[in-house]
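Undergrad: One letter stands for each residue in the lines below.
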Amino acid sequence: MSNLVQGVRKELWSPYAAGILLGVVGVLAVWLSDSLLGASGAFENLAGMIGKALAPQVFNVMYFNFIMPAGITWGVILLLGIILGGGLGALSSRTFKLRWNTDDAQWKAIFGPQLWKRWLLVFLGAIVLEYGAGIAGGCTSGLAISGGMLLAPAAFLFIAAMFMSGILTAFVVYRRRY
Amino acid sequence: MLNYFLALILGAFFGFSLNKAGLTRYSKIVNVFRFTDMAVLKFMMTALVVSMAGLYTLRGLGLITFPNVPATYVVGNLVGGLIFGVGMALVGL
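Taken in order, these protein sequences are the chains called A and B.
Following our numbering, the numbering of the first sequence begins with 1 at its first residue and continues without gaps.
Following our numbering, the numbering of the second sequence begins with 1001 at its first residue and continues without gaps.
So here's chain A without its partners, still in its complex pose (with noise of 0.2 Å):
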């Protein structure tokens, strides 16, 4: 029992381990909420309300009333509870830490440390994350995962074009330390 409990506080699971995990949730999703995971829409939701409030005119679009509908919706709940359980799962290895910048030393080797630059290119970099994931209908979770589970041919055609993209960017950005 005790090693189970070890375990399960360890900082880093086994990729695999992991896996398991989110499968199992995955699955329970399905059955327990007829919903699918994911991560960016509950943004579009949530930026939706957002825009209703202050510039109801422009944002009352198809995209914002029937595609991803403004509002407090099932993922924006499923958002929450994402960053509480990325908390729990800090505080389960002891090493949740409230920080502005990141203590990654790979970052701090490529970008530098300054917390301007983090900041910046992490805001830059989001936009053009969610914008990709709003034309191509999901993220990582909610296209790739959630819709490769139901083999959808649209998470593959997004598996295979992220991967193509990422390893060009990591390419640039690192050159000769690729």
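Honestly, the hints are just simulated from the structure, not real lab data.
Accuracy of the hints is not assured; some may be wrong.
[Unchecked claim] Which residues of chain A face chain B? A partial, calculated answer using Cβ under 8 Å:
| # | residue |
| --- | --- |
| 1 | Trp13 |
| 2 | Gly85 |
| 3 | Gly125 |
| 4 | Val128 |
| 5 | Ala144 |
| 6 | Gly147 |
| 7 | Leu150 |
| 8 | Ala154 |
| 9 | Gly166 |
| 10 | Thr169 |
| 11 | Tyr174 |
Don't be surprised by glycine CBs; every beta carbon is placed ideally from N, CA and C.
Assemble chain B onto chain A, guided by the hints.
TA: Chain B only, in chain A's frame:
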């Protein structure tokens, strides 16, 4: 209401698994694109295989029906994926 409660619990386990796989770190995400750390792929593909097997078994037993399958529109899926990959490899989200 129950459905929202379920979303919170399922999300918590989702976030927990992401944290334990190390996918909350920049280096884990970007290194899969450099072929130096395949954790992302191992994690994703394991989750895919487990949930595929589970879902198709449950459907075969008549216990569940599938929700709306994500739509396939080839050009959109591909272009979106290409843009998405740039952001993902740049900042490791």
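Undergrad: Hint by hint, note whether the structure agrees.
TA: Outcome of the hint check:
{"no.": "1", "hint": "Trp13", "verdict": "4 Å, holds"}
{"no.": "2", "hint": "Gly85", "verdict": "3 Å, holds"}
{"no.": "3", "hint": "Gly125", "verdict": "3 Å, holds"}
{"no.": "4", "hint": "Val128", "verdict": "4 Å, holds"}
{"no.": "5", "hint": "Ala144", "verdict": "7 Å, holds"}
{"no.": "6", "hint": "Gly147", "verdict": "4 Å, holds"}
{"no.": "7", "hint": "Leu150", "verdict": "5 Å, holds"}
{"no.": "8", "hint": "Ala154", "verdict": "4 Å, holds"}
{"no.": "9", "hint": "Gly166", "verdict": "4 Å, holds"}
{"no.": "10", "hint": "Thr169", "verdict": "4 Å, holds"}
{"no.": "11", "hint": "Tyr174", "verdict": "6 Å, holds"}
The structure fails none of the hints (numbered hints given earlier).
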